[in-house]
Amino acid sequence: MIQPLTTTGSGYELMPKEGAIETQTLEVSMGPHHPSTHGVFRMDVVLDGEEVTRLKPVFGYLHRNHEQLAEQMNWLGSIPFTDRLDYFCSMSNNWAYCHAVEQLAGIKVAERAEYIRVIMAELTRLINHSCLAGFLLSDAGAWGTPLLYAFREREKILDLFEAASGARMMCNYMRFGGVRADVDDDWLAAARKVVGNYPAFLDELEALITGNEILLARTQHIGILPRELAINASITGPMLRASGVDYDIRKVDRYGIYDRFDFRVPLGEVGDVYDRYYVRMLEMRESVKILQQALCDIPEGPFDAGVKMRNFKVPAGDGYGRIEAPKGELGFYLVSEGGTRPYRYHVRAPSFINLTILENMCLGHKVADAMVILGSVDIVLGEVDR
Amino acid sequence: MFGHGLLQGLIVTARNFIRSYFDPERLTTVQYPEERVKLPENSRSFPFLVYDGAPDNLRCVACKICEQECPPQCIYIEVERDPKTGKPVRRPRVFDIDYSVCMQCQICAEVCPFDAIKMDQVYELAGTNRFGGMLHNKSALLKSNEYYHQIHPTEADEVDAHLSQSRKKMPGATALSTGPKPPNV
Amino acid sequence: MESLEEIKDRIEAAMAGVRLAIEGKSLVVGRQHLLDVVRFLKDDTGLAMDYCSNLCAVDWLPRTIKTRECDRDVQRDVPGHLEVVYDFYSMAKKHGPLQLRCRTEGREGTPSLPSITPLFRGAEFQEREAFDLYGIRFEGHPDLRRILMWDGFKSFPMRKDYRPPDDYEYEPTPHDEVLEKAKQHWPAPASAPVTPSKPA
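Protein chains in written order, with this note's numbering: chain A, 936 to 1321; chain B, 135 to 319; chain C, 78 to 277.
Chain A extracted, bound-state conformation (with noise of 0.2 Å):
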């Protein structure tokens, strides 16, 4: 006769005991298509029921030699195709490479195109943020909800890039010495409207998310990164923050004009998922600090540096330039030989490096969590594989 369960039991009363049933671990490929992954992504787990015990990420599958094909190209059509690099924020990819090109030729850079960088630059950090929010609340199973309210947003966004540089995603608007065309006063004043939005837009974002319940038992407390394993694995960006390392390199190096603006770094605590996720909605805040400074200090003048752009040669050297771009740091490492190309082109990509640590981060966590853990770290296909 099966005894009645107790009301303290869990009903694992009726089960064999430990030992008697024989387990397996199950190896899963995460693999290449899934909506989840941020891209042809590749994870493959060993299972032990649910919970991960080993998790290697395999990438490659959208790896175009991008280095290489700068070997073959002068040094402006490589702007193009820097753009295709983190192909979610094209403006901070460009901005990046002018930035070493820059540093390495000795270019000093128009001051209005610095303004219109750092504009862009942080509206380019807006966009990248606010979908992060959207597309780790997809991962963790919102269906899309959040993720289309930062799209509306983004919308507004990717009209002003295309009324400035002609394009919406694939900008190419960066040169060595400035930029390619100039910004009209339509253009500050619709920007002015867009950037007078989006608090009441961050509110509403927060007011739907962040006090969620369902969000705070699925991200607090998973995927906790330790500070100094943070460190020591190169971390870089909103994800070193959540962890509780002041390092920004706006900040630290002051590149373009980042010295004139006021703005705070937000720092996280705990390191886990939600701090990764809410120092990303403070990191929002002070983008728009910095868009209505940079908006209203603008001068007028000329928009690039008069750099002839055929057969533009930079001196011989080589050069580390860096800018932080949304999603951690993203650095050139140029090779000059003093001719129209590089010798060496390497793109040091914050999403490649930054998945180091993933597998530390899973360990010892189910399966579900593993994609949350994921969407986190903010990856896009095109800077990891290049």
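I should point out that these hints are in silico values taken from the structure, not numbers from a laboratory. Possibly wrong hints are sitting among the right ones.
Covered stretches of chain A, as calculated for chain B (at least 3 residues, CB under 8 Å) [unchecked claim]:
1) 1056 to 1064
2) 1084 to 1094
3) 1140 to 1154
4) 1215 to 1227
Just a sample of chain A residues kept apart from chain C, beta carbon distances all over 12 Å, derived [what the hints assert, rightly or not]:
5) Gln959
6) Glu986
7) Pro992
8) Arg999
9) Asn1000
10) Ala1135
11) Gly1191
12) Ile1192
13) Val1205
14) Val1242
Only pairs whose alpha carbons sit at most 30 Å apart, straight line, appear in this in silico DSS-like list of lysine-lysine [to be verified]:
15) B/Lys218 - A/Lys1248
16) B/Lys172 - B/Lys302
17) A/Lys1248 - C/Lys170
The model shown is predicted, which means the values in this text are computed figures rather than measured ones. Using N, Cα and C, we set each Cβ at its ideal position, and we do this for glycine too.
Dock chains B and C against the given chain A, drawing on the hints supplied.
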């Protein structure tokens, strides 16, 4: 109260849903293809060749700068030769752009010294064949200056002002034989 | 941060038998001392280089360098080698960069260098990428295998003498030498001709 955050979220979505019937800001989609969003003036898609007046009067002199500078190398140009003397004439005999290779980066329009190749705004291009189905030859690429004024009015006005200025400096010259003096690119 | 000469003197004073060179803005380390130098830079309280930002491999073919020394033109033959460039920053002290270079002996096969992954976890994927694309074997790396190319791939794509196979890609509108190569491997598709169009 447990569930307070969830409730707040649901209030936000409900507000958005109801307001989308009244507030145009909340309804962000259009019924494509019956309605179309108006593109900003600077919007670009693929390159095209500009002619003044008649298709024979094209501005391109086959200098091949756009072919060299094009990053994915999608342009193919052959210079026309005078049938009697065999010397090169400043016109392209063949001007092919493969739209399936083109990155729409606009570098060809930037480096052209003769304002001959500009960016179009059409995006509703579908080809039936992946290999060569999107290869546009010279006649398919030629569009008039009036069309250029329609799609990019400010830019076309500037180009016209610049071209008429440089043509004034060379009396008697036509666009066909010598063309305007190339600016410092 | 101290100047490169000061750092070099301190390292040479702290570790016997280590000799560094300064080239441009970087310190050149021999492969036998690389781990010791990197450990020194990391543990030193003044420098505290705890963040390895960039690890990049460069391929140098054998070349002849012509310089002018003592009013004479001197030619030096530099043998081909692979080089790894390290960029270190300090998150504790917020200074940097400090660039190190380490060269291999020759570039035939897969020359080896010590791996700094035991000291800097962030070097793991970057060293795998250098192995995959350039063929530098890092000794001491926990999991050295191809990362971007597929596992069965032969040879190393980013090297300067890499020859891509003739038929790796179908070019829809080839011309010049790509057209010649295409004619050898691919028959022209029936609907569209491979040769460029007739003049309009």
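- With a C-beta cutoff of 8 Å, work out whether three or more residues of the region 1056 to 1064 of chain A approach chain B closely enough for the coverage to hold. Result for this restraint: violated, n = 0.
- Item | Non-interface claim for A/Gln959, where every Cβ of chain C lies beyond 12 Å | The claim holds: A/Gln959 sits with its nearest Cβ about 24 Å from chain C, beyond 12 Å.
- Item | Verdict on chain B covering the region 1084 to 1094 of chain A, criterion of 3 CB contacts below 8 Å | holds (count 4)
- Message: Minimum C-beta separation from A/Ala1135 to chain C exceeding 12 Å: can you confirm that?
- Response: Its Cβ never comes within 12 Å of chain C, the nearest being 35 Å, so this holds.
- Measuring Cβ to Cβ, find out whether A/Arg999 lies farther than 12 Å from everything in chain C. A/Arg999 is in fact no farther than 12 Å from some Cβ atom of chain C, at 10 Å.
- Nearest-CB test (12 Å) between chain C and A/Val1242: holds (24 Å)
- Could you let me know if the closest chain C CB is still more than 12 Å away from the CB of A/Pro992? A/Pro992 not clear of chain C: closest Cβ-Cβ about 9 Å, inside 12 Å.
- Query: Non-interface claim for A/Gly1191: all C-beta distances to chain C beyond 12 Å?
  - Reply: holds (18 Å)
- Task: Count residues of the region 1140 to 1154 of chain A with a Cβ under 8 Å from any Cβ of chain B, then say if the count reaches three.
- Result: holds (count 10)
- Message: Need the status of pair A/Lys1248, C/Lys170: alpha-carbon distance at most 30 Å?
- Response: violated (36 Å)
- Item | Non-interface claim for A/Ile1192 versus chain C (Cβ beyond 12 Å) | holds (19 Å)
- Going by Cβ atoms, does A/Val1205 stay more than 12 Å from chain C at every point? holds (19 Å)
Violation of the numbered hints given earlier is confined to hints 1, 4, 7, 8, 9, 15, 16 and 17; the remaining hints are satisfied by the structure.
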